[in-house]
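Number of protein chains: 2
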Amino acid sequence: MHKIFRIDMTDLKATVETVPEAWAGLGGRALTSTIVAAEVPPTCHPLGPNNKLVFAPGLLSGTAASNAGRFSCGAKSPLTGGIKECSAGGSAGRIIARLGIKAIILEGQPKGEGWYGLIVRKDGVEIVPETETLGKGNFAVVEDLTARLGEDFGVITLGPAGEHLMAVSDISVKDPDGKLRSFGRGGLGAVMGSKRVKFIAIDPEGVANLAIADPAAFKVANKAFTKTLNDHPVSGQGLKKYGTAVLVNIINEAGGLPTKNFTSGQCDHHDQISGEQMYDNIVARGGEPTHGCSVGCQIQCSQVYNDKDGKFLTSGFEYETIWALGADGLIKDLDIIAEIDNVMDDIGVDSIEVPVMFAVAMEAGLLPWGDGKRMLEMLREDIAKGTSLGRLLGGGTAAVGRAFGLTRIPVVKNQAIPAYDPRAIKGIGVTYATTTMGADHTAGYAIATNILNVGGKVDPLSNDGQVDLSRNLQIATAAVDSTGLCLFIAFPALDIPECLASVVGMLNARYGLSLTGDDVVALGKQVLKTEHAFNLAAGLGDESDRLPEFFELEPIAPHQVKWDMDPKELATFWSF
Amino acid sequence: MHKIFRIDMTDLKATVETVPEAWAGLGGRALTSTIVAAEVPPTCHPLGPNNKLVFAPGLLSGTAASNAGRFSCGAKSPLTGGIKECSAGGSAGRIIARLGIKAIILEGQPKGEGWYGLIVRKDGVEIVPETETLGKGNFAVVEDLTARLGEDFGVITLGPAGEHLMAVSDISVKDPDGKLRSFGRGGLGAVMGSKRVKFIAIDPEGVANLAIADPAAFKVANKAFTKTLNDHPVSGQGLKKYGTAVLVNIINEAGGLPTKNFTSGQCDHHDQISGEQMYDNIVARGGEPTHGCSVGCQIQCSQVYNDKDGKFLTSGFEYETIWALGADGLIKDLDIIAEIDNVMDDIGVDSIEVPVMFAVAMEAGLLPWGDGKRMLEMLREDIAKGTSLGRLLGGGTAAVGRAFGLTRIPVVKNQAIPAYDPRAIKGIGVTYATTTMGADHTAGYAIATNILNVGGKVDPLSNDGQVDLSRNLQIATAAVDSTGLCLFIAFPALDIPECLASVVGMLNARYGLSLTGDDVVALGKQVLKTEHAFNLAAGLGDESDRLPEFFELEPIAPHQVKWDMDPKELATFWSF
Numbered sequence: 180m181h182k183i184f185r186i187d188m189t190d191l192k193a194t195v196e197t198v199p200e201a202w203a204g205l206g207g208r209a210l211t212s213t214i215v216a217a218e219v220p221p222t223c224h225p226l227g228p229n230n231k232l233v234f235a236p237g238l239l240s241g242t243a244a245s246n247a248g249r250f251s252c253g254a255k256s257p258l259t260g261g262i263k264e265c266s267a268g269g270s271a272g273r274i275i276a277r278l279g280i281k282a283i284i285l286e287g288q289p290k291g292e293g294w295y296g297l298i299v300r301k302d303g304v305e306i307v308p309e310t311e312t313l314g315k316g317n318f319a320v321v322e323d324l325t326a327r328l329g330e331d332f333g334v335i336t337l338g339p340a341g342e343h344l345m346a347v348s349d350i351s352v353k354d355p356d357g358k359l360r361s362f363g364r365g366g367l368g369a370v371m372g373s374k375r376v377k378f379i380a381i382d383p384e385g386v387a388n389l390a391i392a393d394p395a396a397f398k399v400a401n402k403a404f405t406k407t408l409n410d411h412p413v414s415g416q417g418l419k420k421y422g423t424a425v426l427v428n429i430i431n432e433a434g435g436l437p438t439k440n441f442t443s444g445q446c447d448h449h450d451q452i453s454g455e456q457m458y459d460n461i462v463a464r465g466g467e468p469t470h471g472c473s474v475g476c477q478i479q480c481s482q483v484y485n486d487k488d489g490k491f492l493t494s495g496f497e498y499e500t501i502w503a504l505g506a507d508g509l510i511k512d513l514d515i516i517a518e519i520d521n522v523m524d525d526i527g528v529d530s531i532e533v534p535v536m537f538a539v540a541m542e543a544g545l546l547p548w549g550d551g552k553r554m555l556e557m558l559r560e561d562i563a564k565g566t567s568l569g570r571l572l573g574g575g576t577a578a579v580g581r582a583f584g585l586t587r588i589p590v591v592k593n594q595a596i597p598a599y600d601p602r603a604i605k606g607i608g609v610t611y612a613t614t615t616m617g618a619d620h621t622a623g624y625a626i627a628t629n630i631l632n633v634g635g636k637v638d639p640l641s642n643d644g645q646v647d648l649s650r651n652l653q654i655a656t657a658a659v660d661s662t663g664l665c666l667f668i669a670f671p672a673l674d675i676p677e678c679l680a681s682v683v684g685m686l687n688a689r690y691g692l693s694l695t696g697d698d699v700v701a702l703g704k705q706v707l708k709t710e711h712a713f714n715l716a717a718g719l720g721d722e723s724d725r726l727p728e729f730f731e732l733e734p735i736a737p738h739q740v741k742w743d744m745d746p747k748e749l750a751t752f753w754s755f
Numbered sequence: 180m181h182k183i184f185r186i187d188m189t190d191l192k193a194t195v196e197t198v199p200e201a202w203a204g205l206g207g208r209a210l211t212s213t214i215v216a217a218e219v220p221p222t223c224h225p226l227g228p229n230n231k232l233v234f235a236p237g238l239l240s241g242t243a244a245s246n247a248g249r250f251s252c253g254a255k256s257p258l259t260g261g262i263k264e265c266s267a268g269g270s271a272g273r274i275i276a277r278l279g280i281k282a283i284i285l286e287g288q289p290k291g292e293g294w295y296g297l298i299v300r301k302d303g304v305e306i307v308p309e310t311e312t313l314g315k316g317n318f319a320v321v322e323d324l325t326a327r328l329g330e331d332f333g334v335i336t337l338g339p340a341g342e343h344l345m346a347v348s349d350i351s352v353k354d355p356d357g358k359l360r361s362f363g364r365g366g367l368g369a370v371m372g373s374k375r376v377k378f379i380a381i382d383p384e385g386v387a388n389l390a391i392a393d394p395a396a397f398k399v400a401n402k403a404f405t406k407t408l409n410d411h412p413v414s415g416q417g418l419k420k421y422g423t424a425v426l427v428n429i430i431n432e433a434g435g436l437p438t439k440n441f442t443s444g445q446c447d448h449h450d451q452i453s454g455e456q457m458y459d460n461i462v463a464r465g466g467e468p469t470h471g472c473s474v475g476c477q478i479q480c481s482q483v484y485n486d487k488d489g490k491f492l493t494s495g496f497e498y499e500t501i502w503a504l505g506a507d508g509l510i511k512d513l514d515i516i517a518e519i520d521n522v523m524d525d526i527g528v529d530s531i532e533v534p535v536m537f538a539v540a541m542e543a544g545l546l547p548w549g550d551g552k553r554m555l556e557m558l559r560e561d562i563a564k565g566t567s568l569g570r571l572l573g574g575g576t577a578a579v580g581r582a583f584g585l586t587r588i589p590v591v592k593n594q595a596i597p598a599y600d601p602r603a604i605k606g607i608g609v610t611y612a613t614t615t616m617g618a619d620h621t622a623g624y625a626i627a628t629n630i631l632n633v634g635g636k637v638d639p640l641s642n643d644g645q646v647d648l649s650r651n652l653q654i655a656t657a658a659v660d661s662t663g664l665c666l667f668i669a670f671p672a673l674d675i676p677e678c679l680a681s682v683v684g685m686l687n688a689r690y691g692l693s694l695t696g697d698d699v700v701a702l703g704k705q706v707l708k709t710e711h712a713f714n715l716a717a718g719l720g721d722e723s724d725r726l727p728e729f730f731e732l733e734p735i736a737p738h739q740v741k742w743d744m745d746p747k748e749l750a751t752f753w754s755f
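Note that the protein sequences, when read in sequence, are chains A and B. Under our numbering, the first residue of the first sequence carries the number 180, and numbering increases by one thereafter. Under our numbering, the first residue of the second sequence carries the number 180, and numbering increases by one thereafter.
Pulled out of the complex, with its shape left as it was, chain A reads as follows (with noise of 0.2 Å):
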């Protein structure tokens, strides 16, 4: 009943594929990163035409399961290097599933100049040329398309960046509101740019309810799944009040809030940029600060946030975007830094890569210290417009800070590293490092055992144990992107034994199979495998599981720490 569909931008062909048997009990990441990895040579261009970018929905997706909205888009990535899998909300993934399609590959690359569209249907692919949405940004596509084809149709699209090609870019995907949700890290819009695609609309005529092995023990396994997200303190209260930017005061207390270009652990406005203060704002303003980013959500981390005139800012406004910009850049104006949000949404670059490197231009002296209002330029007049001084900054974080010489440039395997510091906070130091995905805090969310006490508790400041969390956080997580699920789901499952129980039980349910928590385990395993054995391929070898250097150099405040883990325990984490 699966299908593959496959879309070749060299012939401009699209076909529909039965899927390899090896395949069938793959989804979301396991499958991009099965695919990447079977498909494209690793030391290939990454937008060349030999990369390959591939959707594919989770194992739950399209069901009724709670929080399963969420679907995997994989690439060679054009700014790690290495392989890439990103997660995002949104309507498309639950249509495509629902279509019967199990995923898309785009592959090839068009040998004139000229862009195109892609009209995803039941039966097949139409490639359309496409003039109309070029150099436009998100929001406008989205509205175009919703004009042209109608208010159900899914929708993936780049912005001006990722038409650059540029490595900052990402690929947004159209939510339940018409808003936008992203594909976010490693620059996974200027491989969709590389194949001239400005846009993947899937057309919903002909969804359908996905056979279910055993209905009656899905409705169970969903509804005891459920109760777990419900009643876990982070799920089911923290995030759906105050979204993730929750964990602004939590981790400024922590000392582990990266603040002026990682040179504190402490940042002096907290308050200002709080998740405290954004929920204030957003009720005094009309707002909604509980706010789902796709069908069956049950956190509702995602909010609407309103300007002071009652007039909509943005949405899904992300701690690490809010830290990014407010701690490491110290921007001190919420209302500026949902602008700033809004506009890298519809120019379409990654909300994290993007502000970290602001932090590094700043420290270069490109634009004053917490200057908003000049970010907002760069972004609109520069970035969007691929000026020359736009095409430096869209190079990212690393690129700036090799073109200014600096060498205090936040990065892993050429990605910034996200709003939690590895000297202060040691067990995301050992994901960052050693995550296939290049600094990436969703890989391995050891902040849950360090700081939040959640599956128990393992000291910040100590390197005792902390190869053990990640290599089990990350085998764990693997698995999780795999099915679909949100990765918040995670705190529920570290804690509360019927939570996992409860999602092994969905997918026997979902597929007939008789799995066990054994199996999840051996199959988030098989994912990090696949990806790090592509990432040794393509050139990314233990010597690029290390954090820089400034990290071991410079202590940091307040706890005066440096990054001391000796290389050697570090590069324990792949025996598994």
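Treat the hints with care, since some could be wrong.
What the hints assert, rightly or not - Chain B regions said to be covered by chain A (calculated; three or more residues, Cβ under 8 Å):
hint, segment
1, 338-345
2, 424-433
Unchecked claim - Listed next, with one range per pair, are the computed distances between beta-carbon atoms:
hint, chain 1, residue 1, chain 2, residue 2, range
3, A, A750, B, H181, 38 to 46 Å
4, B, H448, A, V307, 42 to 50 Å
5, B, Q416, A, T566, 17 to 25 Å
6, B, T194, A, T566, 44 to 52 Å
7, A, D393, B, S754, 26 to 34 Å
8, B, K741, A, T194, 55 to 63 Å
9, A, W548, B, D356, 44 to 52 Å
10, A, F491, B, H448, 54 to 62 Å
11, A, E196, B, S754, 28 to 36 Å
12, B, H181, A, K741, 35 to 43 Å
13, B, T189, A, A750, 24 to 32 Å
14, A, E560, B, E560, 34 to 42 Å
15, B, K511, A, L191, 38 to 46 Å
Said to hold, decoys possible - With a straight-line cut-off of 25 Å between C-alpha atoms, the simulated SDA-like cross-links for lysine to any residue are:
hint, chain 1, residue 1, chain 2, residue 2
16, B, K741, A, A716
17, B, K439, A, C223
18, B, K741, A, P221
19, B, K406, B, K741
20, B, K564, B, E309
It should be emphasised that the hints constitute simulated quantities derived from the structure, not laboratory data. For each residue, glycine too, the CB sits at the ideal point set by N, CA and C.
Dock chain B against chain A, hints included.
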């Protein structure tokens, strides 16, 4: 008798050390690479306090040996991320050798913002704050220091690009005419800049003739050696008359002259940019067609090139630079090429990296093809002044290519590929891919045997025998680079048995040794293995020993050949 001068810029302290026994038999590249490998952590930031910049005369530098006026500079490269050694002529190397200094090691990093000059004297180093020459070009620095210190001082200096810590920056050396020679490749200027040293002046006071263990034998060996230099048609005639630019027509005829950013192997206007044309211009305008870069040079491949009014335009006008600007960037006017060459010397940038970068920028549409005037403007107004555009360009070929999302980026290990297309001349492709230096023709000049029939003949269009050829040349080159002899002695060394024998004779007579040719080969192997081990530990594994993918995808005219060497065959390079 010999000493090592160590300058710690962190504490602004210089010390004089005795030479460790293990380093006593080393000089030039063997010594710089050994010191870098021993003292620099391979994963350190190349512009941080843990990198070191090492200068070392060769084993025969400072003696009466012909063509022994060159010295080496080594560090971890900010461009390639691996180990780097460059060789340069000029006067400083000979003076350093004749002061009994075996190596100068520059380490650490000042804490404040100030810049320094170093005055190296017989007994130690004076570290002086420097403001006068900051921001000035190399010619002005040389002029200033000549006025300040005297005509006879050796001078090693940085241009503005080095002050900006740009990856394209080089280090200049004053030559006997007060003009410039360069440690050109790999961004060594940025390493010196990161130590905040604007110049190193070498006081010749106290130079002495070096002790020669067997003066009579040395004289006999040097005479035999000099005869081979004069007898060989390349070193005795071709290079003397036309300089290295003699190659323009030869390589064009072979179909290996990369043109218009490596899209053709032949250039329509090759006659206009040939060595023959250069010679005619020089003679007609009262320049000097034959000229040496250092004392004792027999080959005299340099020249003084004047403009139409007989005014000095440039010297040391190399084939590589002329090719890169004239063929790869399509600039047809040799006078503009000469002016650009001179400006690059003044700003202090690698005259291979920068023109190849400009050809990539032309492909990206940043300036028109062949527009030398615009290039001059960008050099003077952007790179020299460090504008945003200058910062983008100053990152080099790979940085610019990535900023614009190009796939045709001619680099290996991030360093620009020089003037011979590896598809049409496969031996040099093996050298580009495998050398520890990043793409570098001088590391194993397979053109000799592929094209010039020196050292036998290996068909340039066939893969057969190329790995062995490149390996043998790289081993021999590593040894030659350790002697202080000019690399062009390789031509007679490959064809006339007395050449290598007399070099070994000079080494034995100088040091009272009884080395054989096998010992010299063993030294070359040891150097390569030391460098390779550093690169592996820095993260440059086998997968980085590859040419960019476009050489495998795009055939090149006139032979319509691709790069098609099996990576497994390439990987056998290191089996020795």
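* Hint numbers contradicted by this structure -> 2, 5, 7, 8, 11, 14 and 19
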